[in-house]
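Protein chains in written order, with the working numbering: chain A, 1 to 304; chain B, 305 to 534.
Hints may contain errors.
Claimed, not checked - Below, a list of computed lysine-lysine pairs in the DSSO-like style, where the Cα atoms sit at most 27 Å apart:
#, chain 1, residue 1, chain 2, residue 2
1, A, K207, B, K526
2, B, K399, A, K207
3, B, K399, B, K373
4, A, K213, B, K373
5, A, K300, B, K376
Unchecked claim - Pair by pair, the computed Cβ-Cβ distance ranges are:
#, chain 1, residue 1, chain 2, residue 2, range
6, B, Q319, A, F239, 52 to 58 Å
7, A, F192, B, T312, 37 to 43 Å
8, B, K375, A, L244, 43 to 49 Å
9, A, S210, B, E358, 16 to 22 Å
Unchecked claim - Take a look, some chain B residues computed to stay more than 12 Å from chain A by CB distance:
#, residue
10, E316
11, N404
12, K509
No lab work stands behind these hints: they were computed from the structure.
We treat Cβ as the ideally placed atom computed from N, Cα and C, and that holds for glycine.
Chain by chain, the residues run as shown.
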Amino acid sequence: MPSHERSSYLPSIIRESLRSISRNKLIAVAAILSIIAALLILGLFIIFSVNISQLTEMAENNSDVKIFLKEGVTQEQKDNFYDILAEDPQVSEITYESKEQALENFSESLNEYSELLSEYAGQDNPLPDSYIVKAHNIDDLASIRDLAYEYPDVVEYVRYQESYISSITSFSNFIYYISIGLVVVMSIIAFFLIYNTIRLTVASRDKEISVMKSIGATNQYIQIPFVLEGTFIGLISAFLSVLLICLVYYYVIGYLSGSFFFTLGSAIVSPENIIFVILISFILYGMLIGSIGAALATRKYLEV
Amino acid sequence: MIEFVNVTKSYEKNQADALNNINLFIDKGEFVFIVGRSGAGKSTFIKLLQRELEPTNGTIKIKNHDISKLKKREIPYLRRRIGVVYQDFRLLENKTVYENVAYAMEIIGRPQSKIRNKVPLALEMVGLSDKADRYPSELSGGEQQRVAIARAIINNPSILICDEPTGNLDPETSREIMALLDDINRHGTTVVVVTHDVDMVNEMKKRLIVLDEGKLIADNMKGTYDNAFA
Ligand SMILES: Nc1ncnc2c1ncn2[C@@H]1O[C@H](COP(=O)(O)OP(=O)(O)O)[C@@H](O)[C@H]1O
Ligand SMILES: [Mg+2]
Chain A
1 MPSHERSSYL
11 PSIIRESLRS
21 ISRNKLIAVA
31 AILSIIAALL
41 ILGLFIIFSV
51 NISQLTEMAE
61 NNSDVKIFLK
71 EGVTQEQKDN
81 FYDILAEDPQ
91 VSEITYESKE
101 QALENFSESL
111 NEYSELLSEY
121 AGQDNPLPDS
131 YIVKAHNIDD
141 LASIRDLAYE
151 YPDVVEYVRY
161 QESYISSITS
171 FSNFIYYISI
181 GLVVVMSIIA
191 FFLIYNTIRL
201 TVASRDKEIS
211 VMKSIGATNQ
221 YIQIPFVLEG
231 TFIGLISAFL
241 SVLLICLVYY
251 YVIGYLSGSF
261 FFTLGSAIVS
271 PENIIFVILI
281 SFILYGMLIG
291 SIGAALATRK
301 YLEV
Chain B
305 MIEFVNVTKS
315 YEKNQADALN
325 NINLFIDKGE
335 FVFIVGRSGA
345 GKSTFIKLLQ
355 RELEPTNGTI
365 KIKNHDISKL
375 KKREIPYLRR
385 RIGVVYQDFR
395 LLENKTVYEN
405 VAYAMEIIGR
415 PQSKIRNKVP
425 LALEMVGLSD
435 KADRYPSELS
445 GGEQQRVAIA
455 RAIINNPSIL
465 ICDEPTGNLD
475 PETSREIMAL
485 LDDINRHGTT
495 VVVVTHDVDM
505 VNEMKKRLIV
515 LDEGKLIADN
525 MKGTYDNAFA
């Protein structure tokens, strides 16, 4: 009696799937490339939107109006003005910066040139006192500015940066729709390429399928290896895409942090925080598109 | 075991019926030859039994169950009870003899332990114990057909159907294959053999059903082809 060191069924269908992928190399490669294209767009979009939302949040936290007070305003006037600001429901935070503090902050920001300012210390300090006011909602900063200008005997000038948040938001919406559109288009292409890859495989195993059917294999059973093959193609594409995304991301970070966009660079979400999300979503996407494409391709063929 | 009642099958409307108003009954444990010229409707008959096709009219019963009432997902279970052997063997070239036979058990989900027990027995029955690790391309036609027979009976079907099983074999090998089928029949399996092989039919003296242009024109017990038309 010859010995039968038999591999179990699962490894043998995995082997068979790999074999048939290599048999239909060209179209399988096309399928893989198109999934990668879809995933790269999706990945760049995820990175982009996570960073944009981080950037927006940072910008929101740092947005304020700085109300410079007139020289010689009394403490009582300051307190009254403070109360007016504090009563405004839009205001979330008020910080008083005395002229001494302002000078100190300014000289700190100058680092090694700070002694240039030393002669201004004491009576000659040209910097005014100020209130730094933050709002619950950054859109309200403008109306806080207008409120401050209603008190010209106290207020010298209000420094208000036109918010760049809303332009970020509308830009990211634009990118969002473009990306979704591209991902959908690429997914459709990827789907049809997978569908055709599997159809070719099914056709090349025509004889085996008819044997399986005449022996009484269920359709689901016959579908398993083909669906696995599609899933494989999806998985291979997902892993390659994650790799590419990582490379791109590290490259971009390296570039940004080495450049004078340093502040922007520090706003970028570190890859470790995103890559997990990308990995999971890519794997899910790859497996779904691969298995569904394959299941539909075989189902049509098995109808008898 | 197998019952055809007024079965008609036409593939296309403006074409003659492939089978026309067939009535027949095959009992459990019978050995039946079905003969007829090319195009007589023999393969159509087999496809109807497997529910690869549905009759245009009439009913087909297997073990008293009307198989046209089967739902799609039940068809595989019908096929598990009907072993089929083809003229061209239909073995999988990339699998060994053992694997080809084991495959039939694997795809219906039998456990490996059962498979390891049963496959050697089936190979022994068809006389191929020593060729278990060969590939089909390394076997003669007769040996390949034995593998196909082993695969067809491995799941203990109650019916074994053979579509021209000796069509590609020389007379001596054909005789051996027929003897094997006879042996399987003696173990209780109902055997239906579609064939062109008149000499073989005459030699075996089994029940003989003759089809011609889709019609059943003779059905003789212990028939020979010569007196079938008498
Ligand atoms: N799929 C099909 N479509 C149309 N006609 C067919 C088909 N299969 C068989 N036929 C016709 O049905 C008749 C019986 O065919 P078949 O059962 O294969 O005969 P046999 O097996 O006895 O040679 C023939 O006339 C054949 O041309
Ligand atoms: Mg035929």
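These are the hints, each one checked on the structure:
Note on K207(A) and K526(B): the hinted pairing is violated, with a Cα-Cα distance of about 37 Å set against a maximum of 27 Å. Distance restraint check for K399(B) and K207(A): the Cα-Cα separation of roughly 13 Å lies within the 27 Å cut-off, and the hinted pair is therefore satisfied. With a CA separation close to 36 Å, the supplied pair K399(B) and K373(B) exceeds the 27 Å bound. Proximity of K213(A) to K373(B) is assessed by CA-CA distance (about 19 Å); at most 27 Å being required, the pair is judged to hold.
Proximity of K300(A) to K376(B) is assessed by CA-CA distance (about 14 Å); at most 27 Å being required, the pair is judged to hold. For the pair Q319(B) and F239(A), the supplied restraint of 52 to 58 Å holds, since their beta-carbon distance comes to about 54 Å. At roughly 42 Å, the beta carbons of F192(A) and T312(B) sit within the given window of 37 to 43 Å. At about 47 Å, the CB distance of K375(B) to L244(A) agrees with the hint of 43 to 49 Å.
Distance hint for S210(A) and E358(B): a CB-CB separation of about 18 Å, consistent with the stated range 16 to 22 Å. For E316(B), the non-interface assignment is confirmed: its Cβ lies about 18 Å from the closest Cβ of chain A, beyond the 12 Å cut-off. At roughly 9 Å from the closest C-beta of chain A, the C-beta of N404(B) falls inside 12 Å, breaking its exclusion from the interface. Look at K509(B): its CB is around 30 Å from the nearest CB on chain A, clear of 12 Å, so calling it non-interface holds up.
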